[in-house]
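This is what each chain is made of:
Protein chains: 2
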Amino acid sequence: MRVAVKVRLKRSILDPQGKTVQQALQHLGFEQIREVRIGKLIELEIEEGQNRAETLRMIEEASRKLLSNPVMEDFEIEYPGETP
Amino acid sequence: MRVAVKVRLKRSILDPQGKTVQQALQHLGFEQIREVRIGKLIELEIEEGQNRAETLRMIEEASRKLLSNPVMEDFEIEYPGETP
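In order, the protein sequence lines correspond to chains A and B. Note that numbering that gives the first Met the number 0 numbers the first sequence so that position 71 is 70, with each residue one more than the last. Note that numbering that gives the first Met the number 0 numbers the second sequence so that position 38 is 37, with each residue one more than the last.
Check before you lean on any hint, since a few could be wrong.
[Said to hold, decoys possible] With a Cα cut of at most 27 angstroms, we get these calculated DSS-like pairs of lysine-lysine:
(1) B:K5 - B:K39
(2) B:K9 - B:K39
(3) B:K18 - A:K64
(4) B:K18 - B:K5
(5) B:K39 - A:K18
(6) B:K39 - A:K39
(7) A:K64 - A:K39
(8) B:K39 - A:K64
(9) B:K5 - A:K9
(10) A:K64 - B:K64
(11) B:K9 - A:K39
(12) A:K18 - B:K5
(13) B:K39 - A:K9
(14) B:K64 - B:K9
(15) A:K9 - A:K64
(16) A:K18 - A:K39
Derived by calculation from the structure, the hints in this document are not laboratory data. As the structure is a computational prediction, the values presented were derived from the model and not from experiment.
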């Protein structure tokens, strides 16, 4: 099973990398792009054969412990076939 | 309008960062996670008031020219209210 974990900087945290990209886009003529924020898209291939609740708990724990920095980032777990 | 651009390494390209994370997860006991690949989640805030086709074309051009490296990466554009 393939699961995606979206890791984003919290809204209150400045994103200088995103700001730089936004300015570069502006210089290239993409003036309609007002803001850019850059997060991580972490895709996990998970071994099947477990119940969904257990898998969800495990992925959430991994996201909290290793995939994100809870002080600065939020994460969102996306399962296959789920609307974003 | 908020649009997300998912940038992933092409399948044929090794992802050492993802491999390292996968090994770290394994050491922490997350043995069901078989593979990890790390991409970028670029979120754009776009000024409204244009037709959708024009906006799509503009975002695709920005993704190709600046947000991704076409040699090593693929990108996918996600519009609000769209199934992934």
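Hint by hint, here is what the structure shows:
Using a Cα cut-off of 27 angstroms, the hinted pair K5 (chain B) and K39 (chain B) holds, with the two alpha carbons roughly 6 angstroms apart. Under the criterion of a C-alpha separation no larger than 27 angstroms, the hint pairing K9 (chain B) with K39 (chain B) is consistent with the structure, at around 12 angstroms. Restraint check for K18 (chain B) and K64 (chain A): the C-alpha separation of about 17 angstroms stays at or below 27 angstroms, so the hint holds. Our distance criterion of 27 angstroms between C-alpha atoms is met by K18 (chain B) and K5 (chain B), whose separation comes to about 20 angstroms.
For the suggested pair K39 (chain B) and K18 (chain A), the alpha carbons sit about 15 angstroms apart, so the restraint of at most 27 angstroms is met. A distance of roughly 5 angstroms separates the Cα atoms of K39 (chain B) and K39 (chain A); the hinted pair therefore holds under the 27 angstroms criterion. Of the pairs offered as hints, the one joining K64 (chain A) and K39 (chain A) holds, with about 15 angstroms between alpha carbons and a cut-off of 27 angstroms not exceeded. Between K39 (chain B) and K64 (chain A) the alpha-carbon distance is near 20 angstroms, which keeps this suggested pair within the 27 angstroms criterion.
Annotation: proposed proximity of K5 (chain B) to K9 (chain A) holds, straight-line Cα distance about 18 angstroms (limit 27 angstroms). For the suggested pair K64 (chain A) and K64 (chain B), the alpha carbons sit about 35 angstroms apart, so the restraint of at most 27 angstroms is broken. A C-alpha spacing of about 16 angstroms is found between K9 (chain B) and K39 (chain A), which places the hinted pair at or below 27 angstroms, so the restraint holds. For the suggested pair K18 (chain A) and K5 (chain B), the alpha carbons sit about 18 angstroms apart, so the restraint of at most 27 angstroms is met.
Distance hint between K39 (chain B) and K9 (chain A) is fulfilled; the C-alpha atoms sit about 16 angstroms from each other, no more than 27 angstroms. Among the hinted pairs, K64 (chain B) with K9 (chain B) is consistent with the structure: their alpha-carbon atoms are about 17 angstroms apart, no more than 27 angstroms. Pair hint K9 (chain A) plus K64 (chain A) holds up; C-alpha atoms about 17 angstroms apart against a cutoff of 27 angstroms. Only pairs whose Cα atoms come within 27 angstroms are accepted, and K18 (chain A) paired with K39 (chain A) is accepted, the gap being roughly 16 angstroms.
Consistency note: the structure conflicts with earlier hint 10 alone.
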